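Each protein sequence line maps, in turn, to chains A and B.
489 is the number that our numbering gives the last residue of the first sequence; the numbers go up by one with no jumps.
112 is the number that our numbering gives the last residue of the second sequence; the numbers go up by one with no jumps.
Possibly wrong hints are sitting among the right ones.
[Stated by the list, open to error] One side of the interface only, derived from the structure: several residues of chain A facing chain B at Cβ under 10 Å:
1. 133
2. 137
3. 139
4. 298
5. 301
6. 456
7. 461
[Said to hold, decoys possible] Label pairs and their calculated CB-CB ranges:
8. 47(B) / 206(A): 51 to 57 Å
9. 439(A) / 74(B): 44 to 50 Å
10. 104(B) / 243(A): 39 to 45 Å
11. 33(B) / 109(A): 35 to 41 Å
12. 308(A) / 104(B): 33 to 39 Å
In case anyone wonders, no lab produced these hints; they're calculated from the structure.
Please read all numbers here as calculations on a predicted model, not as lab measurements.
Don't be surprised by glycine CBs; every beta carbon is placed ideally from N, CA and C.
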Amino acid sequence: MLTKLTSLIKSHLKEPGKRFFIIGAMLSFFVLSMVPQSVQAQDAAAEEVAYLPQEVADIIWLCLAAFLVFFMQAGFAMVESGLTRAKNSVNIMMKNLLDFSFGALLFWAIGYAIMYSSGDADIFGFDSTLAFLGAANSPTDNAGYGLSAAWIFQVVFAATAATIVSGAMAERTKLISYVVYSIILSGLVYPFTGHWIWGGGWLADMGMRDFAGSTVVHSVGGWAALAGAIMVGPRLGKYNKDGSVNAITPHNMPLAALGVFILWFGWYGFNPGSTLLAIGGVAHVAVTTTLAAAAGAVAAMTISWIQFKKPDLSMALNGALAGLVGITAPCASVSTGSAVIIGLVAGLLVFYSVLFIERKLKIDDPVGAISVHGICGAWGTLAIGLFGQRSIDVQYWSEDSTIQDGLFFGGGVGQLGIQAIGVLAIFVFVFVVMLIVFAAVKATVGLRVSDEEQLQGLDLGEHGNVAYGGFVMESTGPSAVITAESAKK
Amino acid sequence: MKKIEAIIRTAKFEEVLMELSKIGISFMTYSEVKGIGLEHAPPEQYRGTSFEKGFTPRTRLEIALPNDKVDAAIQCLLKVAYTGKVGDGKLFIYDILDAYRIRTKEQGEKAL
């Protein structure tokens, strides 16, 4: 089973780099030079230097990358609670904890078996040997642990997709309905569409490239967030009767900034880890990831400075995340220069789409999750069709599975068309399915807390707790407006 | 000159401000206060143990007005701060002996 999986991974990737042995040799030279001369001479004569086997190095790198991606959960929690009001912080922490926890159990039970079922299944498959990770319990050699490594790496991605929705629906959603949603997304929807692109489904067969998940992870989360935010409706007081917008101010900007730095840090597992193997190419992915994030932050800060007359921190933070989401798909297919352009465009996109969604569509997204993950995820996926270079892509994939050159590199619109089909297919599927899911939740357990509970805060209403006990809580703000009619209910 | 001291629901604060400004009253002092009265805040719980804070948060407005505006202000507050539930708050009306504006040394109603 395991060999099947490792061979699946490796068939897509080139022979693991020989550079690893050079690093190993350098390391052992360094270690040996620390040992007293006499002992060194004695040992060198006695035994040969032991190298770390490549398959173990691959597993260690995959696990380390997974641990970094796991830390992104903390980043999401801090961003979401920082950008919303203090009276809902306990609720947001609970949501971020439980979507990972429920998600991990569901991904263990069925999610992984759906996502990585046989590549022969174009739309949907289920590999019962992978359900409950049965096959991972009896590894026969080092390479046998590859399945465990692959699962731990994939489960943190599934949880990332699920947690995106939390921010968009913050401050007004019932906890129980969020539990139901996160079970459905992690166990069914995410693995379902993930199979299309990463599990050998129809989009993979078509030649779509999404290296680390701009579409598979971020757009899926973003479009689910769009469906959720529409179904749950805006927070009380967000919009006036004439349709004008009120600012509902964040309660802790340093916390939001810390969250973005944590997410950026975690992205070094997200993108470079998606090489799946310990190869030299990890470094190039880390570079493109860094440049796009920096460019996204610069672009969003600059445009907010021009438009608002003052540089806006929350927009610049969203810009960094937008750059990261944008480079997630193309990180191993584009040059450093292209990465900067992709990041700059993502930073501008997030700025304008946040305002468009808030002011024109009248959809209340407290943290900008739909723009950052949905819109910029789509942009990053399309960017492969524009900026993709076969000569870079081929370093990570076998000759017969590389992308075509992008539009700006003389390859025409072939790859762009494939990417666009993928983006569109995922949008339609996820948005429609999640609309139905949220409508069903609304009709059964209910989606939205009462107006009174919103005023008081979900911390008290849902959990009977406060986040900052002993501090004076201000509960005013435009959202605090309550009418005599709503109070009587 | 009279002073209106209004203890109102914190959630009503913005709406009251808006309605008062519509009748030309836009100078006042306000503070976040805690009150003890008929209404009880919902109990909190921590690790399953319930407890009550014993107070409810309220907002206190202090508005100094010339005599001809006092009635309109009172009617406005009675209407806008109302929900009909226990805990809507109270109004207290005081006479003001005198008033000064520190910057200009103006005295009496001119200072308001």
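Hey, does the residue 301(A) contact hint survive, CB to chain B under 10 Å? 31 Å, violated
At a threshold of 10 Å, is the proposed contact between residue 137(A) and chain B supported by beta-carbon distances? 36 Å, violated
Could you check the hint for me, namely that residue 47(B) and residue 206(A) are 51 to 57 Å apart, CB to CB? Since residue 47(B) and residue 206(A) have Cβ atoms about 53 Å apart, the given range 51 to 57 Å holds.
Under 10 Å is the threshold here; is the Cβ of residue 298(A) close enough to any Cβ of chain B for the hint to stand? With a closest approach of 37 Å, the residue 298(A) hint is violated.
Between the beta carbons of residue 439(A) and residue 74(B), is the distance compatible with 44 to 50 Å? 48 Å, holds
Grab the minimum C-beta distance from residue 461(A) to chain B and call the hint holds if it beats 10 Å, violated otherwise. 8 Å, holds
Quick check on residue 456(A) please, does its C-beta sit within 10 Å of some C-beta on chain B? Holds. Min distance 7 Å.
Hint check: is the beta carbon of residue 139(A) less than 10 Å from a beta carbon of chain B? Since chain B brings no Cβ nearer than about 41 Å to residue 139(A), farther than 10 Å, the hint is violated.
Pairwise beta carbon distance, residue 33(B) to residue 109(A), judged against the given window 35 to 41 Å: 53 Å, violated
Range hint 39 to 45 Å (beta carbons of residue 104(B) and residue 243(A)) holds or violated: Because 42 Å falls inside the window, the suggested range holds.
Regarding the hint that residue 133(A) lies at the interface with chain B, is the smallest CB-CB distance below 10 Å? Given a least distance of 34 Å, the restraint on residue 133(A) is violated.
Can you let me know if the beta-carbon spacing of residue 308(A) and residue 104(B) is within 33 to 39 Å? Once the Cβ atoms are compared, 37 Å apart, the range 33 to 39 Å for residue 104(B) and residue 308(A) holds.
When each numbered hint is compared with the structure, violations occur for hints 1, 2, 3, 4, 5 and 11.
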